[in-house]
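Visitor: Sequence:
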Amino acid sequence: MSANITGHIDVAQVVLYTFWLFFAGLIFYLRREDRREGYPLESEVTGKPYDEDSILMPSRKVFRLASGEQTDSMRRDRREIKLTPTQGWSGSPFEPTGDPMVDGVGPASWAERRDVVERTADGHAKIAPLRSLPDFAVAKGDLDPRGLPVKGCDGKVAGTVSDLWVDHGEQMIRYLEVELADGGEPAVGKLLLPMPMAKLTGHPAQVSVTSIRSDQFTGVPRTKSADEVTLLEEEKVVAYYAGGYLYAKPSETMCEIEIEEIPGLPGKLPAGERLLWQGRPRWQALARRTFKTRWVAGYFAVFAVWWSVSAAAEGAPPAAAALEGLALLPIAALALGLLGLLAWLTARTTIYTITSRRVAIRYGIALPMTVNLPFARIGSADLRAERDGSGDIVLSLLGRDRLAYLHLWPHVRPWRFTRVQPMLRGLAEVRQPGRILAEALAAALHERQAAARAEAAAQPEVSRINDPRRQPAEAGAEAAAEAVPLRIAAAE
Numbered sequence: 001m002s003a004n005i006t007g008h009i010d011v012a013q014v015v016l017y018t019f020w021l022f023f024a025g026l027i028f029y030l031r032r033e034d035r036r037e038g039y040p041l042e043s044e045v046t047g048k049p050y051d052e053d054s055i056l057m058p059s060r061k062v063f064r065l066a067s068g069e070q071t072d073s074m075r076r077d078r079r080e081i082k083l084t085p086t087q088g089w090s091g092s093p094f095e096p097t098g099d100p101m102v103d104g105v106g107p108a109s110w111a112e113r114r115d116v117v118e119r120t121a122d123g124h125a126k127i128a129p130l131r132s133l134p135d136f137a138v139a140k141g142d143l144d145p146r147g148l149p150v151k152g153c154d155g156k157v158a159g160t161v162s163d164l165w166v167d168h169g170e171q172m173i174r175y176l177e178v179e180l181a182d183g184g185e186p187a188v189g190k191l192l193l194p195m196p197m198a199k200l201t202g203h204p205a206q207v208s209v210t211s212i213r214s215d216q217f218t219g220v221p222r223t224k225s226a227d228e229v230t231l232l233e234e235e236k237v238v239a240y241y242a243g244g245y246l247y248a249k250p251s252e253t254m255c256e257i258e259i260e261e262i263p264g265l266p267g268k269l270p271a272g273e274r275l276l277w278q279g280r281p282r283w284q285a286l287a288r289r290t291f292k293t294r295w296v297a298g299y300f301a302v303f304a305v306w307w308s309v310s311a312a313a314e315g316a317p318p319a320a321a322a323l324e325g326l327a328l329l330p331i332a333a334l335a336l337g338l339l340g341l342l343a344w345l346t347a348r349t350t351i352y353t354i355t356s357r358r359v360a361i362r363y364g365i366a367l368p369m370t371v372n373l374p375f376a377r378i379g380s381a382d383l384r385a386e387r388d389g390s391g392d393i394v395l396s397l398l399g400r401d402r403l404a405y406l407h408l409w410p411h412v413r414p415w416r417f418t419r420v421q422p423m424l425r426g427l428a429e430v431r432q433p434g435r436i437l438a439e440a441l442a443a444a445l446h447e448r449q450a451a452a453r454a455e456a457a458a459q460p461e462v463s464r465i466n467d468p469r470r471q472p473a474e475a476g477a478e479a480a481a482e483a484v485p486l487r488i489a490a491a492e
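If you count by our numbering, then the sequence shown holds residues 1 to 492, one letter each, in order.
The reader is advised that the hints may include incorrect statements.
[To be verified] Here are the simulated DSS-like pairs of lysine-lysine, each with C-alpha atoms no more than 27 Å apart in a straight line:
#1 Lys126 with Lys140
#2 Lys48 with Lys61
#3 Lys126 with Lys236
#4 Lys151 with Lys224
#5 Lys82 with Lys224
#6 Lys151 with Lys140
#7 Lys236 with Lys224
#8 Lys268 with Lys199
#9 Lys268 with Lys151
#10 Lys82 with Lys48
#11 Lys199 with Lys140
#12 Lys236 with Lys82
#13 Lys199 with Lys236
#14 Lys151 with Lys236
#15 Lys236 with Lys156
#16 Lys126 with Lys199
#17 Lys199 with Lys151
#18 Lys224 with Lys126
#19 Lys268 with Lys156
#20 Lys199 with Lys156
[Claimed, not checked] The calculated label-pair distances, taken between Cβ atoms and stated as ranges, are:
#21 Arg387 with Leu275: 22 to 32 Å
#22 Trp344 with Lys61: 51 to 61 Å
#23 Gly364 with Ala438: 24 to 34 Å
#24 Phe94 with Trp295: 47 to 57 Å
#25 Leu16 with Pro414: 55 to 65 Å
#26 Ser90 with Phe28: 20 to 30 Å
#27 Thr418 with Glu118: 49 to 59 Å
These are calculated hints, taken from the structure and not from any lab test. No residue lacks a Cβ here, since even glycine has one placed at the ideal position from N, Cα and C.
Working from the sequences, and respecting the hints, build out all of it.
Guide: Laid out in structure tokens, this is it:
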């Protein structure tokens with residue numbers, strides 16, 4: 001019995017072709033369905049949609065909701081976008097043309113949701129003020145925000161909390177209702193503050209908002225109803241507060257927040273702390289001792305000699321044998337160049353800082369980070385100097401604190417994985433920062449010893465005699481203060 005349908009087509013071919021057609025149709029169907037949201041695309045220059053009548057655009061789908069309403073899955077947002085391109089080419093940045101927090105652009109943008117109240121299965125508004133929910137109350141022992149002052153990011157009082165808006169389906173507070181201090185409340189509608197953007201503190205008891213100033217509360221979109229909030233109103237309210245993180249203070253941009261007042265330190269020096277020394281590693285020293293460029297060069301040199309000798313042994317002329325070894329030269333130059341570039345970038349993005357209280361290491365090519373090492377956590381410091389005057393300073397840490405080796409590399413002592421030792425690597429004149437660090441560590445140790453003796457002397461004499469449990473503790477504290485090791489040893 002033969003499975004041939006004709007002389008050239010059999011059942012296997014038909015099944016294969018059928019599968020191909022089915023798979024192609026499936027891909028076409030999925031590519032059409034994923035265009036129900038966000039399509040058709042519009043030109044940034046002309047504003048006209050692309051391929052609105054294309055075969056890849058699906059037909060409109062209408063959803064019938066439980067409330068009897070209908071919604072379209074492909075409603076087009078036809079709002080006027082109050083932005084203008086900074087340049088005439090597609091993809092150029094936009095800048096606001098008015099008040100971006102009110103206009104809803106940038107981080108203050110909002111989606112055009114339905115302007116209806118979200119309701120539960122029994123028809124009640126899902127989010128409602130506590131005054132209309134007699135079965136709900138603030139848990140006993142929790143801080144009740146009602147009556148607390150509301151302060152903006154400028155530290156000034158904008159108003160007070162008059163009520164709480166509760167999602168009784170999820171049993172959680174969604175909004176705080178705010179009554180402005182100047183009494184400028186409209187006849188209808190309420191001013192809402194999203195709970196995630198409010199910070200409640202108990203000492204002193206207040207509500208802090210870090211995104212907008214106190215005078216900007218008057219611009220918060222209000223609800224149309226005094227006891228209900230629609231989906232669209234929620235979008236506008238949350239977007240207004242979110243946009244304030246960028247737009248509330250025009251003089252403080254996101255870039256300015258990242259500027260270091262003191263290079264290499266995450267913030268200002270606290271009172272009483274002094275800056276003693278700052279420096280960077282030499283990229284040449286990093287290339288030699290950290291990235292082992294000499295070893296890599298030697299590796300390629302060995303292989304080049306091996307290739308040349310092998311070619312000569314096989315009877316190749318001397319010139320041809322030499323060229324055989326020189327063939328590795330471009331690869332070696334590329335490898336050494338990349339290692340040198342990595343060493344240069346590492347040196348450029350690293351700042352070592354010694355203050356009167358700590359050692360700070362700021363490092364990271366792509367993601368800058370800062371590691372603070374207080375003197376109280378440093379057990380010893382070893383200085384290792386080279387013949388040219390450069391060298392490293394190795395720090396040994398006390399206590400149970402641990403640093404991740406890979407997290408801090410290359411500013412760590414090699415092959416010390418369990419007890420990671422931070423390093424100030426490749427310093428040009430290593431003896432100068434070594435002397436400064438030794439003096440600072442000694443001064444800090446003296447201060448800790450004096451503080452321990454003063455604390456012990458301040459204890460009542462009767463307690464030190466009558467309570468024998470305190471004597472070993474005090475003796476142990478004094479011994480610990482005296483036992484902090486300190487050494488600066490040069491290893492030529």
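Visitor: Is the Cα-Cα distance between Lys82 and Lys48 27 Å or less?
Guide: Cα-Cα ~17 Å, so holds.
Visitor: Do the alpha carbons of Lys236 and Lys82 lie within 27 Å of each other, as the hint requires?
Guide: This hinted pair holds, its Cα atoms lying about 15 Å apart.
Visitor: Is the Cα-Cα distance between Lys268 and Lys199 27 Å or less?
Guide: holds, 25 Å
Visitor: Is it true that Gly364 and Ala438 lie within 24 to 34 Å of each other by Cβ?
Guide: For Gly364 and Ala438 the Cβ distance comes to about 28 Å; the hint holds.
Visitor: Is the distance from the Cβ of Arg387 to the Cβ of Leu275 consistent with 22 to 32 Å?
Guide: Taking Cβ atoms as reference, Arg387 and Leu275 lie about 30 Å apart, which means the hint holds.
Visitor: Could you grab the alpha-carbon distance between Lys199 and Lys140 and see if it respects the 27 Å cut-off?
Guide: holds, 20 Å
Visitor: Just to be sure I understand the hint, the distance between the Cβ atoms of Leu16 and Pro414 should be within 55 to 65 Å; is that true here?
Guide: This hint holds: roughly 59 Å between Cβ atoms.
Visitor: Taking 27 Å as the top limit, are the C-alpha atoms of Lys199 and Lys151 close enough?
Guide: holds, 10 Å
Visitor: Quick one, are Lys268 and Lys151 close enough, alpha carbons at most 27 Å?
Guide: holds, 25 Å
Visitor: State, for the Cβ atoms of Thr418 and Glu118, whether the hinted interval 49 to 59 Å holds or is violated.
Guide: Check passed, 56 Å falls within 49 to 59 Å.
Visitor: Does the structure keep Lys236 and Lys156 at a Cα separation of 27 Å or less?
Guide: holds, 24 Å
Visitor: Could you grab the alpha-carbon distance between Lys199 and Lys236 and see if it respects the 27 Å cut-off?
Guide: holds, 20 Å
Checked against the numbered hints listed earlier, the structure breaks none of them; every hint is satisfied.
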